[in-house]
Every structure is written in structure tokens, then in C-alpha cells.
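Visitor: These protein sequences, in sequence, are chains V and G. Those letters in the first sequence? Residues 1 to 296, per the UniProt record's numbering, in order. Those letters in the second sequence? Residues 1 to 296, per the UniProt record's numbering, in order.
Hints in this document: simulated from the structure, not taken from any laboratory. Please note that a few of the clues may not be correct.
One copy or any two copies: either way a pair holds, since identical chains are not told apart in the list.
Stated by the list, open to error - Derived pair list, reagent style SDA-like, types lysine to any residue, alpha-carbon separation capped at 20 Å: (1) 94 - 73; (2) 142 - 121; (3) 49 - 22; (4) 69 - 120; (5) 79 - 256.
Please read all numbers here as calculations on a predicted model, not as lab measurements.
Number of protein chains: 2
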Amino acid sequence: MLFGALEAGGTKMVMAVGDEKGNILEQKSLPTLTPEETVPELLSYFSKKEICALGIGAFGPVDVNPQSKSFGHILDTPKLAWKNYNLYGAFQEKLGIPIGFDTDVNSSCLGEITFGQAGNLNSVVYLTIGTGIGAGIYVNGKLLHGMLHPEGGHIMITRHPEDSFEGCCPYHGGCLEGMAAGPAIEKRWGKRAAELEQESAVWELEAYYIAQALTNYILILSPEKIILGGGVMHQKQLFPLIREQVKKMLNGYINTKEISSLDQYIVPASLKDNQGILGCLQLAKLEYEQQVKYVQ
Amino acid sequence: MLFGALEAGGTKMVMAVGDEKGNILEQKSLPTLTPEETVPELLSYFSKKEICALGIGAFGPVDVNPQSKSFGHILDTPKLAWKNYNLYGAFQEKLGIPIGFDTDVNSSCLGEITFGQAGNLNSVVYLTIGTGIGAGIYVNGKLLHGMLHPEGGHIMITRHPEDSFEGCCPYHGGCLEGMAAGPAIEKRWGKRAAELEQESAVWELEAYYIAQALTNYILILSPEKIILGGGVMHQKQLFPLIREQVKKMLNGYINTKEISSLDQYIVPASLKDNQGILGCLQLAKLEYEQQVKYVQ
Numbered sequence: 001m002l003f004g005a006l007e008a009g010g011t012k013m014v015m016a017v018g019d020e021k022g023n024i025l026e027q028k029s030l031p032t033l034t035p036e037e038t039v040p041e042l043l044s045y046f047s048k049k050e051i052c053a054l055g056i057g058a059f060g061p062v063d064v065n066p067q068s069k070s071f072g073h074i075l076d077t078p079k080l081a082w083k084n085y086n087l088y089g090a091f092q093e094k095l096g097i098p099i100g101f102d103t104d105v106n107s108s109c110l111g112e113i114t115f116g117q118a119g120n121l122n123s124v125v126y127l128t129i130g131t132g133i134g135a136g137i138y139v140n141g142k143l144l145h146g147m148l149h150p151e152g153g154h155i156m157i158t159r160h161p162e163d164s165f166e167g168c169c170p171y172h173g174g175c176l177e178g179m180a181a182g183p184a185i186e187k188r189w190g191k192r193a194a195e196l197e198q199e200s201a202v203w204e205l206e207a208y209y210i211a212q213a214l215t216n217y218i219l220i221l222s223p224e225k226i227i228l229g230g231g232v233m234h235q236k237q238l239f240p241l242i243r244e245q246v247k248k249m250l251n252g253y254i255n256t257k258e259i260s261s262l263d264q265y266i267v268p269a270s271l272k273d274n275q276g277i278l279g280c281l282q283l284a285k286l287e288y289e290q291q292v293k294y295v296q
Numbered sequence: 001m002l003f004g005a006l007e008a009g010g011t012k013m014v015m016a017v018g019d020e021k022g023n024i025l026e027q028k029s030l031p032t033l034t035p036e037e038t039v040p041e042l043l044s045y046f047s048k049k050e051i052c053a054l055g056i057g058a059f060g061p062v063d064v065n066p067q068s069k070s071f072g073h074i075l076d077t078p079k080l081a082w083k084n085y086n087l088y089g090a091f092q093e094k095l096g097i098p099i100g101f102d103t104d105v106n107s108s109c110l111g112e113i114t115f116g117q118a119g120n121l122n123s124v125v126y127l128t129i130g131t132g133i134g135a136g137i138y139v140n141g142k143l144l145h146g147m148l149h150p151e152g153g154h155i156m157i158t159r160h161p162e163d164s165f166e167g168c169c170p171y172h173g174g175c176l177e178g179m180a181a182g183p184a185i186e187k188r189w190g191k192r193a194a195e196l197e198q199e200s201a202v203w204e205l206e207a208y209y210i211a212q213a214l215t216n217y218i219l220i221l222s223p224e225k226i227i228l229g230g231g232v233m234h235q236k237q238l239f240p241l242i243r244e245q246v247k248k249m250l251n252g253y254i255n256t257k258e259i260s261s262l263d264q265y266i267v268p269a270s271l272k273d274n275q276g277i278l279g280c281l282q283l284a285k286l287e288y289e290q291q292v293k294y295v296q
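Please build the complete structure, drawing on both the sequences and the hints.
Guide: Given below as C-alpha cells:
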């Protein structure tokens, strides 16, 4: 049984066709331009495929509430051409197959749970740190939705006393994304993250901010695993630094087997940057199963 | 049908008998001494009642995972007499009826959802601010459990630039509880919260810290409602101050109908400080129904 997967990112669109076991049979990508330019190409791609359902993981904020009138619409985004665009509706109308829909980061979280290292867990945080920071959250056996969806990349953190960088989030200045995403690193240090690999001060500071966020996720959500993906997390030297800071910040308050083995608790993404597209495949499968069950 | 309810707090034990509609027929309380002194009195009380099940909401940290060997035990608590005490087991052994078990704050959250103002919602945060700070969280239609349970009272926050108080959490110094619980207010200002009612600087600062926590809960959990209870929140002047700060901190980033009506989104507990014991009643009912269903 074949499913379609669309990882609709703010920079690029990744399309794939795969099966229910997570085998990706073909995959291609396009730059994200305007809906008028980009969506017809996506529709043309998927309408030629023999797929039973499509899964879409979209950049946000998006409406993920199926009861809502604006379900599947991109909401208030700085990418103005996409603001209020009915992404779900465009595919629904043209393809007429079941369409699973969630955020890109929730999809990545689902990818890791279904095909990666977080199988059988009941609560997982997936954090991507790249050009932006986003959190996908799985709790009580489901992706987390509420009045909207997690926006955990924008949580408030405390500036390091020796860091004078004011932060670059257009909404919050020094929130997590404003202090620790790729553009913040580049702006603070004057070079791209990849060129700063040998500069230990860069990664000490980066770990300090990421660890604050993880500490708060742990205290609020009590996840069974935290998975870190995205371009910045390709800097593997960050992992031990983050774990050390989290340990210091929790300061013995949480005593669980997970916290006593932080190297298995705070881990890199395991699916070679395919966690997002694989999660979309699973979104397609889940929606297909639900609609079939409903019909029977 | 009658159910028993036990709100097992660190300071006092509240016992009640009620029905499935949330009518409390009788209620009494005892100070929390040692397990040897207190538990026999509790057992004696409930064993004389014609109850079908008991619900326990316990001070934490507690093990709330039914698959775990230490399910129902109090874990690492500064109340040393209770450390590793099998609270669930003591009642299970003596009463032989279904026993629902969760944290005290999760129970309060459930009380508000079942009998209060959060009915029909899918995701709710209940925060109690009193001698300590604790968060009960309901997500995807269930109380939140993970590797443990929420410990949202201990999240990291940023000290106000004009506040020199170092915080009084024995683990984290200036975490939310260390900066904003009742003892922190008393230690910082030299008077009990209730005596400071007219001092606007006290409540401006208090609102600043609480709002930071709520902003992070909103960005991580995206709850549909936030309910604030506990002794400190009897200071009603806090509510408008907290809402104003949350609005400022989110700074237009989240646009939902909830955030545009903060006076209906961030609200006081609605059950006259009975949210905890009513939640325990519901824990009893849910456990009873589950065991009956399992037997059938």
C-alpha cells in the first residue's frame, strides 16, 4: 500500500512516496515560493501517484483542529503569501483521498516514534534547532494539540550574564529561538554555525540556552525521551554539553532512571534527517486507517 | 453510588465521601504527621464507609505509573518519614476496593474539568500557588503522565532586574516556586502574603513571575484554559496583573480566540477550594468504571 508524504517547510517542500513500513520509494524537493507557484507543482506530482492517502507536515502556525472552520490553513505567518492559505483544502479538493495534517515538527516527532528510536514510548519531545526552533510533542499516546499546537521554540529563557546579544526573534527578542537558532548564532558570532565548530565558547553558550529549554520541557511534560534534530544539532559536540547543563539545572530534583542515563535520554535524531518525511508517511497511514474504520 | 476521596497533602489530609455527581456528603481533615500516625486513622475512616472505590490525590513526587513496581509510592520527598512509603498499597491491602491514584494537582485539574469550569475541554493547566507551587495538566483528554508527572512549579524563570531576592527553593534557588510561592513572598517582603494585600509592588512582581510560567506553559502545551488556585491566588488583584504581563510576554505571537479573551482564559479556580477533593472523587469513579469494564 502506497502513501504520499509532503513536508511543507518554509524554505523547501519535500515530497515522497513510500509504504506503510517506512520505505521511501522516491523523494524530491522544491523551493517554497508562493502558493500560486508552488502548490500546482505539488498537486501535479501527487496526482500522478497511486497513493491511498497523503500526510502533510506543515510549517506553522497552522490550524490542526479538524473541528475548526480554518482547519489546515496556514495562520499568521511572516511568509505573507501563505497567510491564511488553505493548504489542506487545496490537496483535499484536487486529490480526493484521505489527508493527514499536522505541523512539521509534530510530524518529525511521529517519524521518530514510528520508525526511529522512540517506539513504544508514551511521551516524547522532538526539538529541531535550525533556521528556527520548533517543538513536536507526543503525550498520552498522541501528538499534542490544544488551543493550537506547541510553539516551544519561543519559550522564555534567561540570558547568560556574559552574553550581550539582544536576541533576534521579531516577536520576543531573546526567546529560545531568538538566542539559539542558527541566525542568532551567526549574528552573535559573525560567522555561520558550521564555521564555528572549533570555538568552544560558542557551543558552551548554545548548550546553556538549549538546556534551559529542555529543563523546562522536562519539568512541565515529563517526557520519556528528548530528541534533538535540525542543522545546528549536527554539531555533535553539543550533546555532552547540553546533558551536563541539564543535570546542573535539575540539580537532583528529578530522580528517574531516564535522568540517571542522560546519554540515552537526550539524543540526536536517528533517521538521517528523514524523520519529518517519514512522519508524514505515518500521518497518511493513520488518516487512511481512521477513515476506513469510520466507513466500515 | 458512593465513592471515597483522599487529598493527601504535605500539611493535611482531607477525607470525604461523595457521589458520582460531585456531591460531597461528608468531609473531615487531619494534620499530616508520619505514616505510622496518620495512615491508620485514614484507613479506619474509610473502612467504615460503604464506598465502591477510593480516589487518592497525593503530594509528590509520587510514582503514578501502574506498570511500575513502585506504583503509588511517595518518592524522594523532603518529608523523610514518607519517603518511599507505599501509600497506594496501604489502602489497597486494607480496603480491597478499586483505588484511583494521581498527584494532588492532577486531581485538582480533574476536579475542575469534571465539576468546574473546564468541562468539555481537551487540554487544561491547573496551577496551585500556595506554600509550594504545583501544576496539574490535562492533555489529549487525559491527565498528563510521562517518565513521572508534571513538576511545573519548579520551572526556570528570569529574575526581575530590580529583585535582589535570591529565591528559596532548596534545589533550584530562584525557580518559580523559589521566587513566587507563599514562603518566597514572606521571606522577600518580611510579611505574610495576606498582610501585604495593599502593597502593589508585591503583586506586580508576583504577577511578573507567574506570567513567565504561564507564557511558557502556553507556548509548550497550548492549553485551552489555565486555572489558578491555592492560597496566594486568593489575592484577586493578581489576575488582571498576570493577564497583562502574559499579553506583553506573548507580544502578539499567538493569535487565538482564547488569547484574545484572557479574562476567560486565565481564571481563578471555581470550586471553592474543593477542586482537589472533587477530583479525587472522580479518580475513584474512573478507576471503578475501568475495573468493572475489565471484569465484564
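Visitor: From the Cα coordinates, with 20 Å as the cut-off, is the pair residue 94 and residue 73 best called within, between, both, or neither?
Guide: within (16 Å within a copy, 55 Å between copies)
Visitor: Given identical chains, is residue 142 near residue 121, meaning Cα to Cα at most 20 Å, within a copy, between copies, both, or neither?
Guide: both (11 Å within a copy, 16 Å between copies)
Visitor: Is it within, between, both, or neither for residue 69 and residue 120, if the alpha carbons may be no more than 20 Å apart?
Guide: Only across copies: residue 69 and residue 120 sit 19 Å apart there, 34 Å inside one copy, limit 20 Å.
Visitor: Given identical chains, is residue 49 near residue 22, meaning Cα to Cα at most 20 Å, within a copy, between copies, both, or neither?
Guide: within (17 Å within a copy, 55 Å between copies)
Visitor: Taking 20 Å as the upper bound on the Cα-Cα distance, should residue 79 and residue 256 be classified as within, between, both, or neither?
Guide: between (42 Å within a copy, 19 Å between copies)
Every hint, counting from the list given before, is met by this structure.
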